[in-house]
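Please take these sequences and the hints and turn them into a complete structure.
Position 45 of the sequence shown, counted from 1, bears residue number 34 in my numbering, the numbering being contiguous throughout.
Hints were generated in silico from the structure; no laboratory data involved. One or more of the hints may lead you astray.
[Stated by the list, open to error] Taking lysine-lysine pairs in the DSS-like style, the calculated list, with each CA pair at most 25 Å apart, reads:
| id | residue 1 | residue 2 |
| --- | --- | --- |
| 1 | LYS405 | LYS281 |
| 2 | LYS540 | LYS503 |
| 3 | LYS159 | LYS382 |
| 4 | LYS159 | LYS503 |
| 5 | LYS540 | LYS405 |
| 6 | LYS405 | LYS478 |
| 7 | LYS382 | LYS503 |
| 8 | LYS37 | LYS281 |
[Claimed, not checked] Just the calculated beta-carbon pair ranges, DEER-fashion:
| id | residue 1 | residue 2 | range |
| --- | --- | --- | --- |
| 9 | PRO474 | LEU121 | 32 to 38 Å |
| 10 | ILE215 | ARG352 | 51 to 57 Å |
| 11 | ILE334 | VAL309 | 43 to 49 Å |
| 12 | GLU404 | SER509 | 29 to 35 Å |
| 13 | ARG234 | SER167 | 29 to 35 Å |
| 14 | ALA87 | VAL309 | 37 to 43 Å |
| 15 | ARG569 | LEU358 | 58 to 64 Å |
| 16 | ILE34 | ARG234 | 14 to 20 Å |
| 17 | ARG53 | ALA402 | 52 to 58 Å |
| 18 | ILE55 | VAL471 | 23 to 29 Å |
| 19 | ARG352 | LEU122 | 48 to 54 Å |
| 20 | GLU566 | VAL471 | 20 to 26 Å |
| 21 | GLU92 | ALA340 | 27 to 33 Å |
Backbone N, C-alpha and C define an ideal beta-carbon position, used for all residues, glycine too.
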Amino acid sequence: MTGRRCLLFVLFLLLAAGALFVLTDRPKSVLDPARFLPENTVAFIDIKNPPEQFRNFSRSRLGRQIDSIRWPEVLDALGYSAEDIADFTLRLNGIRAAVDSAEVRELFGRRLVVALLPPQAKARGGETATDLLDSLVLIALPRHRADLLNILSAPLVREYRSMSRTHLGKEIRSFPLSGEVAVSLTVSDGYIIAAFSPDAVMACLDMSMNSLTGGTGGLDVNPEFISLRRLPNGGDDRFLYLNFRELRDPRPAEVSADTDRPSFFPAEQPGYKVPFDSAAFYRRPGLPGSRKMRYGGVLRFAPESLTGEGSPPRFPSPAVNAVAGEVPADLSAYLWTNMLDPHTISLALEAGGLRDKDGPLSRFEEWLLARGNISLDAFLSLFSGQAGINVAKARGGGFLPIPRMCFRLEVTAPEKVAQLMDDLLADQPVQTFSVNGTSVSSLQLAGGLIQPSFALEGRFFVVADSREQMELVLGGNRELLVRDPMFRKVDVGLAERNNLAVFVRNAEFLETVKGFAVWSGMLLSMSGRSQGNGSRVFIDQVVLPILEGLKMYSTGSARLVSGQEEVVIEAALLVDEQERM
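Structural data, given as structure tokens:
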């Protein structure tokens, strides 16, 4: 080979390699996908590396349990027709094949944003659509260059009849999926933009152009969105933003009677006010190899809900758990709150119809008046402030799985509560004993087989389902939750100022829940009705597998803290050691 031919051959290889690099290189897009969306976007979901997240979920215990559900048998037991079952199975298999396909892994390989536009964002020709599907927008950052979409779409163009239009120099292709639904696609700044309406795609292109030319800003310049988006400090792999202000549109949705597609706005609810302006929720996975998942969220109050008549009830100021250092470690779940409010409880009971003449609480109210000479409202007013619930492992061997529970309720007048308990328990078989210096009364029922117990410890009224639970809670010689190694791994601030705090040992707690689910299924099947048998199948083949799958998390904790303008939520989950990461 002559030197000239060798040089030409090398140049050809360099050009070919350069062309391949241009087509398959994965440059980092500098454009924020929020720039395609209007400032008043209703919802924004951002998922990083969705194919890998889906693959990890599919391989997890929960994913495997969900995949094992035999949906045709479940639907048949619930009374669905063979045609409906076949249609559902076909759609489900299609979804499974799509999410596992190489095309989906390529197109959604690096980032996926799903947004819900407000109607104004796609208003054209003097009309405003309120169709939910037409308001959905998908923005994807593919694994390789988005320009490859033009190559990949060629088979679709040949197989499906498509329409093409140009807007701001960008080609928009629309592919009909059914008589009413079509998907429109375009490529801009490295992103693939898709929607069920070409108007929504054009609105995104308009917004991006306005932002680049110094015109109207998009969601990326919304101060509320910016402040919420910065909360995870870039460490999130899932992020959700909600704009409740747009959901408070006073106009009821109007949808054509000849379509069953969902409307954008739900029917107006008179007297109901959403107290929040915006919200954000996100997940922050740990470092590679870490089994701890952190979650966060913020709910920001609407300005009009902070003052004025008819504003929703506010949270009390955060407080320190007065007994955080006394909670025993031998429990499957623990809940604490300082939102014990008698007025709120009374309103909730009335709203639920529980205080009606023939309601479940009517006899209890009569018993209170007869035995203690006190009304239900006066009884509720004795308890206010902090409340805690200990849930220990359920007893086994019985027909009904009964969890061992203990309640600590802060009281406003300990002397009145003590006198009331004496009046209510008068002439009843009661045993009195002392636990760590605290006097405990144990009511003897069913010949002593059932022993609900009561005590006043300082400003707290303690009630437990058994004498053993009372000894565990009040006794001084026990392991404490705050020193438990598993608790300390997921603790997000139990001993700090909170409005709500929760800790769960997942496997133990879910066994209790499964026991109740099985018991409920047995009762339904004993009814002899077809609906009962269907519900039993649903519990056995759907509910129980999902509960079993949730055991992939060994422990979890959460806290809620309310401020003057927002509610902050923090949570942590620890993946079980036996779970493959």
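Now the hints, each set against the structure:
1. LYS405 to LYS281: 46 Å, violated
2. LYS540 to LYS503: 11 Å, holds
3. LYS159 to LYS382: Cα-Cα ~62 Å, so violated.
4. LYS159 to LYS503: It is violated: about 54 Å lies between the C-alpha atoms, which goes past 25 Å.
5. LYS540 to LYS405: Between LYS540 and LYS405 the Cα gap is close to 44 Å, so the pair fails against 25 Å, i.e. violated.
6. LYS405 to LYS478: 41 Å, violated
7. LYS382 to LYS503: Cα-Cα ~12 Å, so holds.
8. LYS37 to LYS281: Status holds; Cα separation ~18 Å.
9. PRO474 to LEU121: 32 to 38 Å: At roughly 47 Å between Cβ atoms, LEU121 and PRO474 fall outside 32 to 38 Å, so the hint is violated.
10. ILE215 to ARG352: 51 to 57 Å: 56 Å, holds
11. ILE334 to VAL309: 43 to 49 Å: 23 Å, violated
12. GLU404 to SER509: 29 to 35 Å: 42 Å, violated
13. ARG234 to SER167: 29 to 35 Å: 33 Å, holds
14. ALA87 to VAL309: 37 to 43 Å: 51 Å, violated
15. ARG569 to LEU358: 58 to 64 Å: 60 Å, holds
16. ILE34 to ARG234: 14 to 20 Å: With a Cβ separation near 18 Å, ILE34 and ARG234 satisfy 14 to 20 Å, so the hint holds.
17. ARG53 to ALA402: 52 to 58 Å: 54 Å, holds
18. ILE55 to VAL471: 23 to 29 Å: Distance hint for ILE55, VAL471 is violated at roughly 35 Å.
19. ARG352 to LEU122: 48 to 54 Å: Once the Cβ atoms are compared, 51 Å apart, the range 48 to 54 Å for LEU122 and ARG352 holds.
20. GLU566 to VAL471: 20 to 26 Å: For VAL471 against GLU566, whose Cβ atoms are near 22 Å apart, the range 20 to 26 Å holds.
21. GLU92 to ALA340: 27 to 33 Å: The hinted range 27 to 33 Å is violated for GLU92 and ALA340, with Cβ atoms some 50 Å apart.
Violated hints, in rising order: 1, 3, 4, 5, 6, 9, 11, 12, 14, 18 and 21; the structure is consistent with all others.
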